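As you go down the protein sequences, you meet chains A and B in turn.
No gaps in the numbering here: position 41 of the first sequence is 25 in the numbering used here, and each next residue is one more.
For the numbering used here, count along the second sequence from 1 and bump the result up by 4.
Calculated directly from the structure, the hints in this document are not laboratory data.
All of these numbers come straight from a predicted model, not from anything done at the bench.
Any given hint could turn out to be false.
[What the hints assert, rightly or not] The following label-pair restraints were derived from C-beta to C-beta distances:
| # | chain 1 | residue 1 | chain 2 | residue 2 | range |
| --- | --- | --- | --- | --- | --- |
| 1 | B | Y17 | A | D91 | 48 to 58 Å |
| 2 | B | N172 | A | P422 | 52 to 62 Å |
| 3 | B | Y17 | A | C268 | 44 to 54 Å |
| 4 | A | L471 | B | E232 | 44 to 54 Å |
| 5 | B | G128 | A | D91 | 23 to 33 Å |
| 6 | A | R301 | B | S144 | 40 to 50 Å |
| 7 | A | W271 | B | G145 | 39 to 49 Å |
| 8 | A | L471 | B | S144 | 31 to 41 Å |
| 9 | B | D18 | A | R301 | 44 to 54 Å |
Using N, Cα and C, we set each Cβ at its ideal position, and we do this for glycine too.
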Amino acid sequence: MELIMSRTMASIRRFDATAIVWGFAAIVLGLLIVMPSFYLVKESLFVPEEVGLLEVKGSYGIGNFVEAYTNKLYLMPIVWTVIVAVSVGILSVIVGSLMAWAVARTDIPFAATIRTGALLSFVTPPFLGASAWVILAGPNEGWLNLMFRSFTGASPDTHLFNIFTMPGLIFVMALYVIPLVFIIALSGLNNISSDLEDASNIAGAGTLSTMVGVTLPLVLPALFAGLILASLEAMIIFSTPAMLAIPAGQHVMTTQIRALMQSDDYQVGLAAAFALPMLIAAICLIWMRRKALGRRGYATIGGKGARRRPQKLGRYRWIVFALCFAPLGCSLLLPAFALGMTSVMKTYTGGFHFANLTLEHYRFILTNDAVGLSIWNTLLLGAMAATVGTILAGTIAYISQRRLVRGYQLMSFLATVPIAIPGIVLAIGLFAAYTREPIVLYGTLWILFIAYVTKYLPIAFQTSNAALMSIHPELEEGARILGANRLAVFAGITIPLFRAGLIASWILIFMPSIRELSSSVLLWTTKTKVISVVILDFYEEGRLDIVSALGVLLMLITLVVVMLAYRIVGRDFLRG
Amino acid sequence: MATLEIRNLTKSYDGETPALDDISLQIEHGELVALLGPSGCGKTTTLRLVAGFIEPDTGSIQVGGEVIASPQFSLPPERRHMSMIFQSYAIWPHKTIYQNVAYGLKYRGVNGGEAAEKVKKMLGVVQLDHLAERYPGELSGGQQQRVALARALVVEPEILLLDEPLSNLDANLREEMRFEIRRLHDEFQFTSVYVTHDQSEAMVIADRICVMNHGKIEQLGTPSEIYERPETRFVADFVGTTNLLSGHLSGTDRFDLENGIVLPVATQAKIVAEQDVSISLRPHDILLRKPAQNGAGVGEDGYHVYPGTVEECFYFGELLDYQIRIGENCVLRTITPPGNRYATGDPVNVLIHPDHCVLVREN
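Construct the complete structure from the given sequences, taking the supplied hints into account.
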């Protein structure tokens, strides 16, 4: 009897959660990653021959790839994408790393302001920046050009700046990629123990040879990682080129994909074929970055970044400050001014006087039903994606850190994979997968929800992982041995200690979700528009006043959320 | 009666190399046994098996005659009525000191005023009553250690487990806490298992020491047995400093170093039968004298005398540490109180007593 009892108990205890966890994970990750990828590839091989009203007949082959890479029409966007990505990458690495060096290693004034400014411009939606720069530097009515003409008396058809050019595009893109490089380079520099530099000094090397011989090689991996991320960002971004390159008469790959998807002919296959190399390029770039950082370990070069002797800049102090401040002025102050003013002006070309002021645009966005629906959709989607994504990321992180099931490494790998999937490529995959039986999600909020969760799962996972790493398993074991069971330990010890990490994850999904455009632009339908899509619509209609009012609203929502987060968890979450 | 009995316990993490290889050990009620060994010797694995965080591959663990762990059945840790003190202290940073200490009581059915009284009393015992409402982040390392002690002791566990509890403290505090833990043990008399890699910690704290290496028990005995009568080369070397001399037994009371020197040994029935043995000779059991006329032989009180030369001398204030050559390939480390001092190169007589030449098994 006792033997049977103990056998039963043994089978209960030995019951392995692996099957259940993996079953659930397989469904979730299948919906999020496997299905879209499968349909992306399948669709890219489907060549339509006869497009009917209800069904599309065709055959499978490599016709789409041949078309996408031999037709001259589609070659220019690829060339431009490469040019833009490389230029933006190089430009942002030069500016971003110099800013980081100035902040970390010299005595420039207002270093903290520059750091905060960089973080702020990092969270500014690039499509608002692009709209603002149209107001500032549009060839005909841009404020800077108007000022130029009134100062010089030049004729109305001359202009100083034209933002609707490829250099203009590169400039605006770089403005919002520089902070990314800045943050990476700064953490790289801060992680280098000043002992290493002092050791070089004591060995007889001067400031310059120390910088070239010791500091630079140590931050080089971080700079290379910055270059790769910057180029990747420039390659996959949709909003800025949609706003600036198309009026300039050019397509890049992302805008070309959208044009194909929206064409009246059924060209999803062509879009998929066009998008696949982008996915492969993105995966290669992420892999290269890993490799660059992997060998030396990510900037874990010892030392806690103790206060070091800052380089004295002397009379160049203010010059260096001005150079560091310029990109922030261009990405934050000028755009904020342009959008803020335009949102309360009857016409943005009407001049700065009281008669031109109005609150009409705000009244419009707050009373228009379609706009109201999009605001509701945006907040609902953001909150849903953030909540589900946080739970998912936290669970996967917990499982893989505590090694609760077999194959936990694969699970954490899958949670990181979407980092290499460009938003617009993800959208094609989701569109192809969920517009047909057995699962029809197109036309509902769910397809956008899946896109957001997938896209921001990696960042939430990394945040949760870092937070969990600081919770020593002994904290849980200590409660077990005192009499608490697994569930009580989880509720009473793990969750409270994990709280800050979970809130940070939530914010890090919510914030980018409410301004997501590159996936949303392919997935929206009339009932499921979100703010960013509405902004793009109004932009394309030339309604920069409405765009500005919506932009101010979006920034206000972001600000409120960030401030709440500060109140709840302190400012630590930005480090995640 | 919380007698802890471990029988033929084996555990392997990867299915191949055993972390623990057929361990048997009995700990009496109220006894404090230290598991001593280098890292990777299996001591922490043993402790975690007793706690129930991992399950054995073979063998069993019994408390008071009842099986709590075997390959077929393993009682979860929360139902083992034990307490544990962790290397990291594992004090919950989101709970006050009071809440930390009170945590285990509610799971043992102690609530309300009774619980409050127990916590208060225990905080008094570890001298933390004035810090009850503080959070752990505001406490020093030593104070956190006391919180861990209080939290583990307040529930009056059947068995107390301690996993290198002092290794994160600085040297002075560590020494102080050793006596503190021993004092608390004498006061509460819990059956205790204490894991450490620090031999002096084990000596001060434990009733018995279980020296482990490569997943096996090398020797189990009182601190003085372990120190004065080590049974294996590993134990002699790991616990304290010693001179290990290889050679072979010639007869029952002589050990031939195979370089012309023969040392006297006291007969040790347990080990004599074994062929592969060495001699362990503690440095401070060796006496040094100014050389007399007659050289080698048997001198005062049964000491054997060997002529030697001082090779090196280190001055430590309270003692002198010599390297003395007594033959080819044979240099003895000798620690003496400062008194007669010998300079490098001086001839000196080395006095060795048979009782101090301990035969140890080679492993």
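Structure-based check of each hint:
no. : hint                        : in the structure
1   : B:Y17 x A:D91: 48 to 58 Å   : holds (53 Å)
2   : B:N172 x A:P422: 52 to 62 Å : holds (57 Å)
3   : B:Y17 x A:C268: 44 to 54 Å  : violated (37 Å)
4   : A:L471 x B:E232: 44 to 54 Å : holds (51 Å)
5   : B:G128 x A:D91: 23 to 33 Å  : violated (54 Å)
6   : A:R301 x B:S144: 40 to 50 Å : holds (43 Å)
7   : A:W271 x B:G145: 39 to 49 Å : holds (43 Å)
8   : A:L471 x B:S144: 31 to 41 Å : holds (34 Å)
9   : B:D18 x A:R301: 44 to 54 Å  : violated (60 Å)
In summary, the numbered hints that this structure violates are 3, 5, 9.
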